[in-house]
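Peer 1: The primary structure of each chain is shown beneath.
Protein chains: 2
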Amino acid sequence: MNTLTRDEIDRELKELNGWEFSNDKIHRELTFGDFRQALSFMVRVGFEAEELVHHPEWRNVYNTVNISLSTHDAGDKVTSKDINLAKAIDKIYKTY
Amino acid sequence: MNTLTRDEIDRELKELNGWEFSNDKIHRELTFGDFRQALSFMVRVGFEAEELVHHPEWRNVYNTVNISLSTHDAGDKVTSKDINLAKAIDKIYKTY
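Chains as they are written, first to last, in my numbering: chain F, 8 to 103; chain E, 8 to 103.
There is no bait here: all hints are sound.
Identical copies carry no separate label here, and so any pair may be met within one copy or between two of them.
Simulated crosslink set (SDA-like; lysine to any residue; CA at most 25 Å straight-line): (1) LYS32 - ASN70; (2) LYS101 - ARG43; (3) LYS94 - HIS79; (4) LYS88 - ASP41; (5) LYS32 - SER75; (6) LYS84 - ARG66; (7) LYS88 - PHE42; (8) LYS84 - ARG43; (9) LYS101 - GLU55; (10) LYS32 - GLY82; (11) LYS98 - TYR69; (12) LYS94 - ARG66; (13) LYS84 - ASN70; (14) LYS32 - ARG43.
Quick caveat, the hints were computed from the structure, so don't treat them as lab data.
Work out the full structure, taking the sequences as your base and the hints as a guide.
Peer 2: Pasting the structure below:
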């Protein structure tokens, strides 16, 4: 599992929506109309995570979901697995 | 919404399973067999939270769920709403 360089990460982030890089992870905060929407979004992303065999670290408080992505098997650094999951998350979020 | 005193909280915690009080909240860390179980647990608790009109602050990483409960409308202190949600969570977790 190859980790991405900072340049590679910055290039990928330009293709994503609202993700930021800090502490060796990429992060995005999402808001929803209410708790039900936030939780249903998490379920929808959960299926994607299972398919990609890559899971987010995320925190939910009512209508907000804060997501952090890094790859455990790559020493908790950012890899293409994180970028792929971030792309899937962006695509799902657009439907909300 | 009445906040509970520290004595009242300690008394309630004795009736609960594995909850700890710190930083004005009660916390419990739960582990599951895998991500699917953790997420399905969160959905199950989500329905309870909607019914109680009280929602957790929680963080999920693969098969772990860290839950913190306090009551926003009571200045983010612990109230009976938190104890009731904690009881519901303990009951649901027993089925996993």
